[in-house]
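Top to bottom, those sequences are chains A and B. The number in the numbering used here is simply the position in the first sequence, starting from 1, with 3 added. Under the numbering used here, the residue at position 4 of the second sequence is numbered -8, and the numbers go up by one with no gaps.
It should be emphasised that the hints constitute simulated quantities derived from the structure, not laboratory data. None of the values given here were measured: they were computed from a predicted structure. Warning: the hint list may mix true and false statements.
What the hints assert, rightly or not - No more than 20 angstroms apart at the CA atoms, straight line, and that leaves these computed lysine to aspartate or glutamate pairs for DMTMM-like:
| no. | chain 1 | residue 1 | chain 2 | residue 2 |
| --- | --- | --- | --- | --- |
| 1 | A | LYS155 | A | ASP115 |
| 2 | A | LYS455 | B | GLU11 |
| 3 | A | LYS313 | A | ASP91 |
| 4 | A | LYS361 | B | GLU86 |
| 5 | A | LYS458 | B | GLU12 |
| 6 | A | LYS458 | A | GLU448 |
| 7 | A | LYS361 | A | GLU404 |
| 8 | B | LYS24 | A | GLU441 |
| 9 | B | LYS89 | A | GLU404 |
Stated by the list, open to error - Sample of chain A residues lacking proximity to chain B, with all beta carbon distances greater than 12 angstroms (derived):
| no. | residue |
| --- | --- |
| 10 | ASN7 |
| 11 | ARG76 |
| 12 | ALA79 |
| 13 | SER128 |
| 14 | ALA253 |
| 15 | PHE371 |
| 16 | ALA427 |
| 17 | LEU432 |
Virtual Cβ for every residue (Gly too), placed ideally from N, Cα, C.
Spelled out from the first residue to the last, the chains are:
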Amino acid sequence: MADNEVKGKERYKSGVISYKSMGYWQPDYEPINTDVIAMFRLVPAKGVDPEEVAAGVAGESSTATWTVVWTDRLTACELYRAKCYKCDLVPNTGPGTETEAQYFIYIAYDMDLFEPGSIANVTASIIGNVFGMKALKSLRLEDMHFPVAYLKTFDGPATGIIVERERMDKFGRPLLGATTKPKLGLSGRNYGRVVYEALKGGLDFVKDDENINSQPFMHWRDRFLYCMEAVNKASAATGEIKGHYLNVTAATMDQMIERAEFAKELGSVIIMIDLVIGYTAIQSMAKWCRANDMILHLHRAGNSTYSRQKNHGMNFRVICQWMRMAGVDHIHAGTVVGKLEGDPAMIHGFYDVLRETKNEVNLENGIFLEQDWASMNKVMPVASGGIHAGQMHQLIHHLGEDVVLQFGGGTIGHPQGIQAGATANRVALEVMIQARNEGRDYLAEGPEILQKAAKTCAPLKAALDTWKDITFNYESTDTADFVPSATTSN
Amino acid sequence: MMTNYGNRVTQGQFSFLPDLTDEEITAQIKYALDNKWAVNVEYSDDPHPRNTYWEMYGMPMFDMEDPAGILMEINECRKTFPNCYIRVMASDATRGTESVKMSYIVNRPSVEPGFNLVREERNSRSQGYTILPYACNKPEGERS
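The shape of chain A in the complex, shown without the other chains (with noise of 0.2 angstroms):
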């Protein structure tokens, strides 16, 4: 118990006592094995005591509110009330440095506080109201930790990695695929050859875009009968199961089920929706994909209102734990060396959670918490966003062989026309692994490697001297703090 703690009688008088002194802050408390645990990084408001209102954050988040009552008596309030038993200033921030004093809190909660198997009611008590608390000036959501028995209340990804590649008839190396460009405008007719191109010039699926839905210039089941045709067409030229992730985000859910239902009937083995559509309409849909074999895919829309700055809002690894649990199968977790936000590091905590069976804490990854998955299924990530061809060996060195790569420009763009695109990234690919798995240096050797092969094919040729050294190198916003990182992709 904290030395300014109230006990008994004085605790529950009618009045405003500190967070601190309600049970809130316990420094000797150790989180033990059916605490959900979560990490934030705090700014307080100006003067205000950084114990009192990580205090704060536990009690908003759990069982207080700004006031003693006395109903807490009739509850077995000293489980239910969340414990902050950690509070660390940030190294790098505070007096002597140039950034105000920043604070690593760590919240335990007891499992019993949530909703078996309901991302929704997680995120209503973790991220719900403290994040407005005017006694602090920021807050973001760090990371989490769940007990393996409060795991199990979830089912998981509808399909996961394994089985994925099982239906899909497509082991060792990744996946191959592409967003249709431009996103907005084409016809269904026109959008569908755009597939068919790509499909049959060697990639694996096609995407839909975030926000291709059901406007004017396309009706969703145009769009999905065009799609349909062009997938079997390039499956019966290649003899490959193909598919292209029909977007069946809607204003409903009706309307999405509908739109799944369609694209069951049509034969897709997967089906995708967006971020923006919420966390309880994913869990549905997740379930639906679940009961009738579908792979399904998740654009993460949205994410970067709330998950780029470092200051406030959450880190997008949570949103990765979460989606697991949540049950989609595929999720953009970037690409390191393409267009969009993101330090190396940050990137690769986020292939681990989506990936891995346990995760060790690993501060340089920004993994804060352990978390032992036990046996739910594993998601694939999707690396999108200005990455081509000249990478791949960038590209499976930091990202792996359990990962979509989606080449839009990189595949679209090019001279030879869009099967030649799909080509020149497939055979990149199939020479890169083919390379790492003889033992090579292909990191090094990789701009070699990938001349060698385009000796012999002319669409890698072409992408090649197209794109030459085409990268991206910013700083990244959303760094790790234990370590000096690179944040370009040289």
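Given chain A's structure and the hints, the job is docking chain B onto it.
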């Protein structure tokens, strides 16, 4: 003849590359063995993309530690079924995987006729699709 890149069935890890030499196949076998995966050889005259169960050319070689021994099995299979598709697979028994980790084609028929896409007209412009390998037009015993 198929009209895609390479005019061939593109299943497996390396179908977009020139046919692997014995030396290159050996390097891939070594990779599987280094990872403690069991290698096996399968053959089929039916390249339908959903034809999962090709015939096994013997059991997975759980205890064979020499890549040359496995290459010998592959070459035996090639000799016995020269006009079939032959693939080398590797299985990982680790918990959380317990599935296939590698699959690549090492032999093909001299002619790859490809597939017929059969359409079935359904309601509201939708179609049912069936993919039929031309290679399977004849009964099983009379194909090669």
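Here is how each hint holds up against the structure:
Using a Cα cut-off of 20 angstroms, the hinted pair A:LYS155 and A:ASP115 holds, with the two alpha carbons roughly 14 angstroms apart. For the proposed pair A:LYS455 and B:GLU11, the alpha carbon gap of about 18 angstroms is at most 20 angstroms, so the pair holds. For a cut-off of 20 angstroms, the pair hint linking A:LYS313 to A:ASP91 stands: about 17 angstroms separates their Cα positions. A threshold of 20 angstroms between alpha carbons decides the hint, and for A:LYS361 with B:GLU86 the separation of about 17 angstroms falls inside it, so the pair holds.
Simply put, A:LYS458 and B:GLU12 have alpha-carbon atoms about 19 angstroms apart, close enough for the 20 angstroms limit, and the pair holds. Of the pairs offered as hints, the one joining A:LYS458 and A:GLU448 holds, with about 16 angstroms between alpha carbons and a cut-off of 20 angstroms not exceeded. Among the hinted pairs, A:LYS361 with A:GLU404 is consistent with the structure: their alpha-carbon atoms are about 18 angstroms apart, no more than 20 angstroms. Distance check on the hinted pair: B:LYS24 and A:GLU441 sit about 15 angstroms apart at the alpha-carbon level, within 20 angstroms; holds.
Note on B:LYS89 and A:GLU404: the hinted pairing holds, with a Cα-Cα distance of about 10 angstroms set against a maximum of 20 angstroms. Chain B leaves A:ASN7 outside its interface by the beta-carbon criterion, the shortest separation being 47 angstroms against a cut-off of 12 angstroms. The Cβ of A:ARG76 sits about 47 angstroms from the closest Cβ of chain B, beyond the 12 angstroms cut-off, so the non-interface label holds. Under the 12 angstroms C-beta cut-off, the non-interface status given to A:ALA79 relative to chain B holds; the minimum distance is some 37 angstroms.
The Cβ of A:SER128 lies farther than 12 angstroms from every Cβ of chain B, with a closest approach of about 30 angstroms, so its non-interface assignment holds. Every C-beta of chain B lies more than 12 angstroms from that of A:ALA253, the closest at about 19 angstroms, which supports listing it as non-interface. At roughly 23 angstroms from the closest C-beta of chain B, the C-beta of A:PHE371 stays outside 12 angstroms, upholding its exclusion from the interface. For A:ALA427, the shortest C-beta to C-beta distance to chain B comes to about 10 angstroms, within the 12 angstroms cut-off, and the non-interface label is violated.
Not every CB of chain B lies more than 12 angstroms from the CB of A:LEU432, the least distance being 8 angstroms, so the non-interface label is violated.
The structure shown violates the earlier hints numbered 16 and 17.
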